[in-house]
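Order-wise, the sequence lines are chains V and Z.
Take the first sequence: its position 152, counted from the start at 1, is 152 in the working numbering, and no numbers get skipped.
Take the second sequence: its position 30, counted from the start at 1, is 30 in the working numbering, and no numbers get skipped.
Hint data in this document are derived by calculation from the structure and do not stem from the laboratory.
Incorrect hints may have been included.
Straight-line Cα separation of at most 30 Å, DSSO-like style, residue types lysine-lysine; simulated pairs [claimed, not checked]:
{"hint": "1", "chain 1": "Z", "residue 1": "Lys-24", "chain 2": "V", "residue 2": "Lys-403"}
{"hint": "2", "chain 1": "Z", "residue 1": "Lys-215", "chain 2": "V", "residue 2": "Lys-195"}
{"hint": "3", "chain 1": "Z", "residue 1": "Lys-33", "chain 2": "Z", "residue 2": "Lys-19"}
{"hint": "4", "chain 1": "Z", "residue 1": "Lys-58", "chain 2": "Z", "residue 2": "Lys-93"}
{"hint": "5", "chain 1": "Z", "residue 1": "Lys-202", "chain 2": "V", "residue 2": "Lys-435"}
{"hint": "6", "chain 1": "Z", "residue 1": "Lys-170", "chain 2": "V", "residue 2": "Lys-142"}
{"hint": "7", "chain 1": "Z", "residue 1": "Lys-202", "chain 2": "Z", "residue 2": "Lys-19"}
{"hint": "8", "chain 1": "Z", "residue 1": "Lys-33", "chain 2": "Z", "residue 2": "Lys-101"}
{"hint": "9", "chain 1": "Z", "residue 1": "Lys-19", "chain 2": "Z", "residue 2": "Lys-93"}
{"hint": "10", "chain 1": "Z", "residue 1": "Lys-30", "chain 2": "Z", "residue 2": "Lys-93"}
{"hint": "11", "chain 1": "Z", "residue 1": "Lys-58", "chain 2": "Z", "residue 2": "Lys-33"}
{"hint": "12", "chain 1": "Z", "residue 1": "Lys-49", "chain 2": "Z", "residue 2": "Lys-93"}
{"hint": "13", "chain 1": "Z", "residue 1": "Lys-19", "chain 2": "Z", "residue 2": "Lys-101"}
{"hint": "14", "chain 1": "Z", "residue 1": "Lys-116", "chain 2": "V", "residue 2": "Lys-435"}
{"hint": "15", "chain 1": "Z", "residue 1": "Lys-19", "chain 2": "V", "residue 2": "Lys-403"}
{"hint": "16", "chain 1": "Z", "residue 1": "Lys-215", "chain 2": "Z", "residue 2": "Lys-202"}
{"hint": "17", "chain 1": "Z", "residue 1": "Lys-24", "chain 2": "Z", "residue 2": "Lys-58"}
{"hint": "18", "chain 1": "Z", "residue 1": "Lys-49", "chain 2": "Z", "residue 2": "Lys-19"}
{"hint": "19", "chain 1": "V", "residue 1": "Lys-435", "chain 2": "V", "residue 2": "Lys-403"}
{"hint": "20", "chain 1": "Z", "residue 1": "Lys-170", "chain 2": "Z", "residue 2": "Lys-215"}
{"hint": "21", "chain 1": "Z", "residue 1": "Lys-202", "chain 2": "Z", "residue 2": "Lys-170"}
{"hint": "22", "chain 1": "V", "residue 1": "Lys-435", "chain 2": "V", "residue 2": "Lys-522"}
{"hint": "23", "chain 1": "Z", "residue 1": "Lys-116", "chain 2": "Z", "residue 2": "Lys-101"}
{"hint": "24", "chain 1": "Z", "residue 1": "Lys-93", "chain 2": "V", "residue 2": "Lys-403"}
{"hint": "25", "chain 1": "V", "residue 1": "Lys-142", "chain 2": "Z", "residue 2": "Lys-202"}
{"hint": "26", "chain 1": "Z", "residue 1": "Lys-58", "chain 2": "Z", "residue 2": "Lys-19"}
{"hint": "27", "chain 1": "Z", "residue 1": "Lys-170", "chain 2": "Z", "residue 2": "Lys-19"}
{"hint": "28", "chain 1": "V", "residue 1": "Lys-169", "chain 2": "Z", "residue 2": "Lys-215"}
{"hint": "29", "chain 1": "V", "residue 1": "Lys-142", "chain 2": "Z", "residue 2": "Lys-116"}
{"hint": "30", "chain 1": "Z", "residue 1": "Lys-49", "chain 2": "Z", "residue 2": "Lys-101"}
Nothing here was measured: the structure is a model prediction, and the numbers come from that model.
The primary structure of each chain is shown beneath.
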Amino acid sequence: MIGAGDGMNNRPGTRAPGDRREYVVALAGNANVGKSATFNQLTGVDQEIGNWPGKTVERAEGILEYQGQRIRVIDLPGIYSITALSTEEQVSLEFIAHDHPDVVVNIVDASALERNLFFTLQLAELGSPMILALNQMDLARKKGITIDTGRLSNLLGVPVIPTIAVQGKGIAGLSDAIIRAVQDRPEPHTILYGKEVEDCIARILQQIPDGAGGYPPRWTAIKLLEGDPDTLWVVRKQAPGAVDLARECARELETIHGEPAGTVLSGERYHAAERIVRDVMEIHTPRDHEAGLTERIDRLALHPVLGYLLLIMTIGGLLVWTFVIGAWISGILLFWLSLIAPVEPLITGSLADIVLNGAWTGLVAALTLIIPYVIPFYLFLALIEDSGFLTRFSLMLDRGMHKMGLHGKAIIPLVLGFGCTVPACLSCRIIESPKQKFLAAFLVTLVPCSARTIVILGIVAAFVNIWWALALYLFDFIVLVVLGRIAFRALPGESVGMIMEMPDYHFPRIPGVIGQTWKRTKSLLGIVMPSYILGSIVITAAYALGYLGPVNALLSPITVALLGLPLMTGVVFIFGIVRKEMTILALAAIFGTTVFSTIMTPAQLIVFALVTMFYVPCISTILALAREFGWRRALGITLLETALAIAFGAAAIRLLGLFL
Amino acid sequence: MASEQLEEYLESILDIEEKEGVAKTSAIAKCMKVAPASVTGALQALADKGFIEYQPYKGATLTGQGREMARKVKRRHRLLEVFLTDVLHISTKNVHDEACKMEHTLSDETECALCKMLNAPSRCPHGSLIGACNRDVESCSACLEENAPPSTTPRDEPLVPVTSIQPGQKATIAFIRGDSSVVQRLADLGLTLRAEIQLIRKAPLSGPIEIGVRKTRLAIDRAIADHIFVSVCREKAS
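All chains should be modelled from the sequences, with the hints used to inform the complete structure.
This is the structure:
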């Protein structure tokens, strides 16, 4: 039997300095099989759950306390194979092979055992001790599938635990198995492939020195056979003979099978998986209730006319719900908070007062924006997501997204962008290719977030009319599409098409929906709250110290000469860098009125809103962009959008002057 | 009648059949820009050779042999169009006519060499799908890799891209076009050769297609799915 080699004993960091040892368990499996749900059940940490393949892009960590043992649980990203083509696959491979978790818990979808076992077989080749958690047993039962877990366990050589993670069923059994496994270290059997392939592997194995490449020898031999460039490169230095032999074997396989050796091996793995499934699985009723339901809903959701109607109604409903509910809660909150202290930016008085006021204004702005608008938005979105509708929307919009070099999966960041740009930028991680990831994030910064919507509603809809507000929205979408197309052409890199698993629909699971909403809100609070408060302090203080007076003068060539706005708006735009809706607060404070039609003409109001919409993404967004793509790209987007805002504004004031 | 002309007829019948089911004489005449009377003569010649089933007044349907011949010529036509556009930079409006003249004289060997040089393209400059070749290979690497002697034995049955079968139809994967990274990506998700699949639906506006494979359903971009060629399972039409 092939173990994980001698790297097992030097495991820095996982052994506590005393006698008590902290074990490490990794959860691995395909996307959308219930990994996040299992992780939450084991650790109690709120990991995002949704009916959407590929949420865990960064690995999540939690602690399982069970029977006096402390076990660190790592949730690896959901992947379908370990060919190390994508970042997620790389992350998982490196963690399992180099960090040597004590046990790998492979979570598989019992209702799609064959496809899941393909990955199990690859994991087994990495030689870590392993447990199989057979999840979604309820779904399998509904499909009339029964699985002989004892037999499966015998064939694979590892414990097999049936679970229904969303309901918490089987989690105790799984925890028991984990505790036992960290002691027993159950190692999977070697699953043999076809004769020709096994011959090749055996021949290569003889040429591989011990510990070459830091992986189990059988894994290394298979990777060499598949022609994995990294493995070839590493092994070549130690054993050039093995590399040449692997090349020769691969060529032999290619002549026999007429396809590349990598694909031959995938085929072999699937054959092995088919064999196992035939042995352990029975299907009783061919026709089933759940799949029938999914089929019936799909007939509507993917209908060429009704499907798009449903899509528009859902997204429209999402926005209307957000702003109706949001405005109502925001009003109530603002009322109670302003009883504690006034929330207009204070620009006169002692420095301490101004700083305090700045902090308070920032806090209130954060509270009255995030809680009322973003939470209802995320809640509704989580419902669409968890039930399985969002995957259908991305299928329907895939073609349109191609025009901007994106594919259907980019719908999630773009829709999220209507709430707040920050989590939307972070969610671009679900997109595979680096080019498309950046492209999606760039477009997300152009989606009218709730702050921008508030500015458009509060300035244009309130003091010009609703049609101009809608026109601004429309213009924003046009710009988004046009810039998307230009960026698609201008950016280097390739765009890859979408391959996405389509999950079955199910009734939204409340804990999952709440968990998802909270997770997103939390990630928002972490970035937005501090930048709100700090930004607000810095800017009010700078203004009070008289630093912003010169700024007004400095900006006047742009604000007054180019954009035709009042001189004082220079400062207002500076306030808006913290949060765009703070422009409204600043306008009110500086001009001492909330009836903006008395201080600006309709054309000026429209231009003001237009510029606010496009210029500098707020500080939080810049930080998020910098974190994901580096400062160069974050500042690039900032400069580009500011330039565009000025250009649009300058053109608009001249055109609008003709007929307003 | 010259074989070139007969091949042209077969191509037209294939086009019309795909759109309308049966190729009526009038439709063929319109497509070929000839008089209906000369169409009748040509159709009889084709029927005599066993390429089509011809019923006067109803129209023509291709036989298995005829369809294979028509697809072969179509494939050559579109490969030539790619060659003329991408390599020789002939203007797009002329490539169709040029290709029409050249397609009839192309040998199997030249066709294979052309496909290899153009890196197994999937679509012609006008956006139509290029069919799979009739060599007994399971992926393009058999031809594209250096030193690999391409198989010269012909396939037993004609292949169609999975995007052209009907929703609900079952098929087995026979050939995946493209470089090894595309093939690998699909294989890892269970779309391996000889795997049985079912086309569940095609999303509107030539969006992705949904395929059932190994008890899971995958949405696959149409352009990627164009690379997957299948042989349709003929069974219980009831």
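Going through the hints against the structure:
A distance of roughly 38 Å separates the Cα atoms of Lys-24(Z) and Lys-403(V); the hinted pair therefore is violated under the 30 Å criterion. Of the supplied pair hints, the one linking Lys-215(Z) and Lys-195(V) holds, its CA atoms being roughly 28 Å apart against a limit of 30 Å. Between Lys-33(Z) and Lys-19(Z) the alpha-carbon distance is near 18 Å, which keeps this suggested pair within the 30 Å criterion. This hinted pair does not check out: Lys-58(Z) and Lys-93(Z) have alpha carbons roughly 34 Å apart, beyond 30 Å.
Note on Lys-202(Z) and Lys-435(V): the hinted pairing holds, with a Cα-Cα distance of about 27 Å set against a maximum of 30 Å. Restraint check for Lys-170(Z) and Lys-142(V): the C-alpha separation of about 23 Å stays at or below 30 Å, so the hint holds. With a C-alpha separation of about 17 Å, the suggested pair Lys-202(Z) and Lys-19(Z) falls inside the 30 Å cut-off, and the hint holds. Annotation: proposed proximity of Lys-33(Z) to Lys-101(Z) holds, straight-line Cα distance about 16 Å (limit 30 Å).
Restraint check for Lys-19(Z) and Lys-93(Z): satisfied, since their Cα atoms lie roughly 24 Å apart, inside the 30 Å limit. Restraint check: the Cα-Cα separation between Lys-30(Z) and Lys-93(Z) comes to about 20 Å, which is no more than 30 Å; the hinted pair holds. Between Lys-58(Z) and Lys-33(Z), the direct Cα distance comes to roughly 19 Å. Compliance with the 30 Å bound is thereby established for this hinted pair. In summary, the hint linking Lys-49(Z) to Lys-93(Z) is not supported, as the alpha carbons are separated by about 34 Å, beyond the 30 Å threshold.
Between Lys-19(Z) and Lys-101(Z), the direct Cα distance comes to roughly 24 Å. Compliance with the 30 Å bound is thereby established for this hinted pair. Between Lys-116(Z) and Lys-435(V) the CA atoms are separated by roughly 29 Å; this keeps the pair inside 30 Å, and the hint holds. With a C-alpha separation of about 27 Å, the suggested pair Lys-19(Z) and Lys-403(V) falls inside the 30 Å cut-off, and the hint holds. In summary, the hint linking Lys-215(Z) to Lys-202(Z) is supported, as the alpha carbons are separated by about 18 Å, within the 30 Å threshold.
For a cut-off of 30 Å, the pair hint linking Lys-24(Z) to Lys-58(Z) stands: about 6 Å separates their Cα positions. Among the hinted pairs, Lys-49(Z) with Lys-19(Z) is consistent with the structure: their alpha-carbon atoms are about 24 Å apart, no more than 30 Å. As the CA atoms of Lys-435(V) and Lys-403(V) are separated by approximately 15 Å, the hinted pair is consistent with the 30 Å bound. Of the pairs offered as hints, the one joining Lys-170(Z) and Lys-215(Z) holds, with about 13 Å between alpha carbons and a cut-off of 30 Å not exceeded.
Restraint check for Lys-202(Z) and Lys-170(Z): the C-alpha separation of about 14 Å stays at or below 30 Å, so the hint holds. Of the supplied pair hints, the one linking Lys-435(V) and Lys-522(V) holds, its CA atoms being roughly 28 Å apart against a limit of 30 Å. Only pairs whose Cα atoms come within 30 Å are accepted, and Lys-116(Z) paired with Lys-101(Z) is accepted, the gap being roughly 22 Å. About 25 Å separates the Cα atoms of Lys-93(Z) and Lys-403(V), which keeps this hinted pair within 30 Å; it holds.
A hinted pair counts as satisfied when its Cα atoms are at most 30 Å apart, and Lys-142(V) with Lys-202(Z) qualifies at roughly 26 Å. Between Lys-58(Z) and Lys-19(Z), the direct Cα distance comes to roughly 16 Å. Compliance with the 30 Å bound is thereby established for this hinted pair. Taking the CA atoms of Lys-170(Z) and Lys-19(Z), the gap is about 21 Å. The hint holds against a cut of 30 Å. Proposed proximity of Lys-169(V) and Lys-215(Z) is supported: the alpha carbons are some 24 Å apart, at most 30 Å.
Note on Lys-142(V) and Lys-116(Z): the hinted pairing is violated, with a Cα-Cα distance of about 49 Å set against a maximum of 30 Å. A hinted pair counts as satisfied when its Cα atoms are at most 30 Å apart, and Lys-49(Z) with Lys-101(Z) qualifies at roughly 22 Å.
Against the hints set out earlier in the document, violations occur for numbers 1, 4, 12 and 29.
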